[in-house]
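Going down the list, the sequences are from chains A and B.
Each residue of the first sequence is one higher than the one before, counting from 1 in the numbering used here.
Each residue of the second sequence is one higher than the one before, counting from 1 in the numbering used here.
It is worth saying that the hints were derived from the structure and are not from the lab.
Just so it is clear, CB atoms sit at the ideal spot from N, CA and C, and this is done for glycine as well.
It is possible that some hints are incorrect.
What the hints assert, rightly or not - Here are the simulated DSS-like cross-link-like pairs (lysine-lysine), alpha carbons at most 30 Å apart as the crow flies:
(1) A/98 <-> B/10
(2) B/62 <-> A/157
(3) B/10 <-> A/154
(4) B/55 <-> A/73
(5) A/64 <-> B/2
(6) A/34 <-> B/62
(7) A/108 <-> B/62
(8) B/48 <-> A/64
(9) B/63 <-> A/193
(10) A/128 <-> B/48
What the hints assert, rightly or not - Examples of chain A residues toward chain B, derived with CB under 7 Å:
(11) 57
(12) 103
(13) 107
(14) 111
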Amino acid sequence: MKSSVIVFPGSNCDRDIAVALEKMKFTNQMVWHKETKLPNSDLIVLPGGFSYGDYLRSGAIAGKSLIIDEVIKAAKRGCLILGICNGFQILTETGLLKGTLLRNRNLKFINKNVQIKVMNNETKFSNKYKKNEVLKINIAHNEGNYFTDNNHLKELKDNNLIAFKYCDQKGNVDDHSNPNGSLENIAGVYNAKKNILGMMPHPERMIDKLISNTDGTNLFSSLLN
Amino acid sequence: MKFSITVTLKKDVLDPQGKVVQNTLINMGLNLNNIRQGKYFEVDVNEKDQTKAEKNVDEMCKKLLANLIIEDYKINKLK
Numbered sequence: 001m002k003s004s005v006i007v008f009p010g011s012n013c014d015r016d017i018a019v020a021l022e023k024m025k026f027t028n029q030m031v032w033h034k035e036t037k038l039p040n041s042d043l044i045v046l047p048g049g050f051s052y053g054d055y056l057r058s059g060a061i062a063g064k065s066l067i068i069d070e071v072i073k074a075a076k077r078g079c080l081i082l083g084i085c086n087g088f089q090i091l092t093e094t095g096l097l098k099g100t101l102l103r104n105r106n107l108k109f110i111n112k113n114v115q116i117k118v119m120n121n122e123t124k125f126s127n128k129y130k131k132n133e134v135l136k137i138n139i140a141h142n143e144g145n146y147f148t149d150n151n152h153l154k155e156l157k158d159n160n161l162i163a164f165k166y167c168d169q170k171g172n173v174d175d176h177s178n179p180n181g182s183l184e185n186i187a188g189v190y191n192a193k194k195n196i197l198g199m200m201p202h203p204e205r206m207i208d209k210l211i212s213n214t215d216g217t218n219l220f221s222s223l224l225n
Numbered sequence: 001m002k003f004s005i006t007v008t009l010k011k012d013v014l015d016p017q018g019k020v021v022q023n024t025l026i027n028m029g030l031n032l033n034n035i036r037q038g039k040y041f042e043v044d045v046n047e048k049d050q051t052k053a054e055k056n057v058d059e060m061c062k063k064l065l066a067n068l069i070i071e072d073y074k075i076n077k078l079k
C-alpha cells in the first residue's frame, strides 16, 4: 500500500508517522506542502504538529496551502485520508471534515496518555479493532475540543461516523474521562463516505512496546487489510 | 481603501480565554457583565469602488479570516 505524508512548515509528527507506516510495510513518501502534484497514493496522511505556528487558527493556513487542492481532489476520488492532531484541525479547516477544534476547556496544553473507545469497527481504518475496544493512546494538543452544530452531531450519530470517544479505563464515556471538553467526548470522526478520518490522539506513537504500547498498530493493519 | 475586520466567537460558543479575562477583571474590582475576546485585522484594498472593495473584504473573511462554524465577523470602513 502506498502512502504519502504531507509536510508543512511546523509539522513535527511527520517523521513519527513515517516510521509507523514503514514499520507496517507501507511504501511511504514525504510530500512538501509547496508541491502541486501528489504521488500516486492509497493513503494520504496529514501529520500532527504546529503547521505555520498555529497562526490565525490551528490548521487554517495549511488548509489553504498549494498541495491541499490535490488532497481535496484525491479525497473526492475516494482516496483514504488520515488527519492526526494538527492534521485533524487542517481537515476541518479545508471542509473535508465538518466541525472544528476549539481551545481545550482548561486552557492548557494537554500531553498525556488517555483512553479512547472504538465506536465503529467497520471502516477501512478500524476493522482490526473490536467494537467498544478501549485503547490507551497519547494526546498532545492545545485545541482538541471538538465542536459541531446539532444537525451535524445528529448526522454523526445516525450514520455511525464517530470514530473514537474519550473514556475511562473501563470504557465509561463521561465528563470525567473527557480531557479537553470535546462535544460528547468525541476524539475522532469520519466523513460521510468514511474514507476520511480525523482524530486528535496519536496512533503513530503507539506502535512499539519499548516506548509505549501497540494500541495504535491495528489502525495501520486495518488499512492494509 | 482601508477596512477593519473584527472576528469574534459566536454567542453560543464557549470563549475560555474571554472567561479568564472576565474573571480577572472582576477579581480586580472592575465592574462588568460580560466580556468576549476576539481578533482584529486592518486591511488595505487596492480598489476605489466601495461596493467592490467591501465584497472583496467579505470574501477574505468567509474564505480565511473567520471560521464561520464558530465565528462571526464585522467589517468597518476606515478613513
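*Determine which of the earlier numbered hints do not hold for this structure and return their numbers in increasing order.*
As far as the earlier hints go, 10, 14 are violated by this structure, in ascending order.
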